[in-house]
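Engineer: Just so you know, the sequences run in chain order A and B. The opening residue of the first sequence carries number 1 in my numbering; numbering runs sequentially from there. The opening residue of the second sequence carries number 1 in my numbering; numbering runs sequentially from there.
In short, the hints are calculated from the structure, not lab data. Since this is a predicted model, take the numbers as computed values, not measurements. The C-beta atom is built at its ideal place from N, Cα and C for all residues, glycine as well. A portion of the hints provided could be inaccurate.
Claimed, not checked - Sample of chain B residues facing chain A (criterion: CB under 7 Å; computed from the structure):
| # | residue |
| --- | --- |
| 1 | Leu87 |
| 2 | Arg90 |
| 3 | Gln93 |
| 4 | Glu95 |
| 5 | Thr99 |
Stated by the list, open to error - Ranges of calculated distance between the beta carbons of each label pair, as one might list FRET restraints:
| # | chain 1 | residue 1 | chain 2 | residue 2 | range |
| --- | --- | --- | --- | --- | --- |
| 6 | A | Asp258 | B | Ile88 | 37 to 47 Å |
| 7 | B | Asp128 | A | Glu99 | 25 to 35 Å |
| 8 | A | Lys39 | B | Gly148 | 28 to 38 Å |
| 9 | A | Gln2 | B | Lys176 | 17 to 27 Å |
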Amino acid sequence: MQTLRRKDILGLEEMSAEEINLILETARSMREIMQRKIKKVPALRGRSVLNLFYEPSTRTKASFELAQKYMSSDAVSVAGTSSSLVKGETLKDTVRNVEVMGVECVIMRHPVSGSSHYLARNVEASVINAGDGMHEHPTQGLLDMFTIWEHKGRLEELKVVIVGDIRHSRVARSNLWGLQKMGAEVVVAGPPTMMPPDLDVFGVKHFTSIEEAVADADVVMALRLQQERQESGFFPSMREYAETYGLNSKRLEHTREDLLIMHPGPINRGVELSSDLADGPRSVIMDQVAAGVAVRMALLYLLLGGTKE
Amino acid sequence: MLGWEGGEIMGLNHKATVMDEKGMHQALRRIAHEIVERNKGLEKIALIGIRKRGVPLARHLKAYLNEIETFDIPFGILDITLYRDDLIERTDQPEVHTTDVPFDLTEKHVVLVDDVLFTGRTVRAAMDAMVDFGRPASIQLAVLVDRGHRELPIRADYVGKNVPSSRSELVEVRVKEIDDADRVDILERSEE
Chain A
1 MQTLRRKDIL GLEEMSAEEI NLILETARSM REIMQRKIKK VPALRGRSVL NLFYEPSTRT
61 KASFELAQKY MSSDAVSVAG TSSSLVKGET LKDTVRNVEV MGVECVIMRH PVSGSSHYLA
121 RNVEASVINA GDGMHEHPTQ GLLDMFTIWE HKGRLEELKV VIVGDIRHSR VARSNLWGLQ
181 KMGAEVVVAG PPTMMPPDLD VFGVKHFTSI EEAVADADVV MALRLQQERQ ESGFFPSMRE
241 YAETYGLNSK RLEHTREDLL IMHPGPINRG VELSSDLADG PRSVIMDQVA AGVAVRMALL
301 YLLLGGTKE
Chain B
1 MLGWEGGEIM GLNHKATVMD EKGMHQALRR IAHEIVERNK GLEKIALIGI RKRGVPLARH
61 LKAYLNEIET FDIPFGILDI TLYRDDLIER TDQPEVHTTD VPFDLTEKHV VLVDDVLFTG
121 RTVRAAMDAM VDFGRPASIQ LAVLVDRGHR ELPIRADYVG KNVPSSRSEL VEVRVKEIDD
181 ADRVDILERS EE
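Chain A with its partners taken away, still in its complex shape:
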């Protein structure tokens, strides 16, 4: 009998292929529940969960909250603004609050890399990282893998291209770790200024030409371009970025017919991804959103169902 023998989900770097596989298999069973008339199972009755979002989020927060409701757990969400956030000190206060409230699981999004590790070390509750700085966003990585797996039936030996600002992207990091563990070949594409200095750690090829990178790809994943990176000088303008690196039908003209087009959302339409591709037949962006709920239900079950010794 397989179980997830860990307290927290902090990143895909520390996870094994077996663990990822168990999560994806469990998520597949959870997806059926979402298609029922009554979308609720009593599995986590009496378990309480706290959602702490120190950064704005619509999709991830809604997805976690729905997953918590579908599993019958009791959840409370607290949204802090980054302006009221004093790094370090606030997190310490958070730890104390969590312990006093006696919740079994904390979901946290935080602008500082490593913050969920800090929280996990200091509380007995399970911690799920919902995005920490530029480090990881493991549930996004898992839902992306689940979406690919559902469409392709496997992850091994697929070629996945991640396009955009790899350097600042926790989504890219989680996908790089996860997909490679599952046997996929990952390459990255985008401006050299937006490649992480530690790209060697991942052992992936970097392309500056999108056309070249996607030529024989099974999946292409566009990352959201963040306006504030322009101000920091990583790229000259949104328009210029779109012209060189944006995904559009002309740029993807010579690609496989069954290429999957993905985006973690929210999309800057016409910048990193054109509208006709985002809404076209090869886009699986809506499937990613649905997969997010199923994967989070699976994680809640695997972390909270059953007693920890």
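With chain A held as given, fit chain B onto it using these hints.
Structural biologist: This is chain B only, laid out in the frame that chain A set:
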């Protein structure tokens, strides 16, 4: 099988075989006739097998029902894991498998199929799950073996065989689709 899902069963001795392949299929055939008789036909019948061994048993039952009357009987598979009443207490977390009920069970006479009726807790969980899928006209229960020791007020409508057993014994149902044979055995704990 109860509580000893898969793997080698250690410290248990074979005590008796209570049903062989022939006996098992005779019992299923008889249950099929009882279902038709009681519901006056198959028009509103639906079959749902409880994972794991209730599923192949329900498939056999469907085939025997169709020998009596040709009718396309809606068929579903139910995994009760997320409805268990011991989920929070257990240290060995059960794996979740997919439920597949591809029809509307409202107005249907749903026959739940399982291998062994013991404490009744699995059936309680299955009934809770059923009502999340709609409002059936009735829920009926068919089991291959009733071994007694109920902990809830639950009884079967169709029983292949009543097997009086002591709590320390294990009633093991094997089906060809999952195990190596169609057979029901009683195992008892060996004296250490």
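Engineer: Are there hints from earlier that the structure breaks, and if so, what are their numbers?
Structural biologist: Every hint satisfied by this model.
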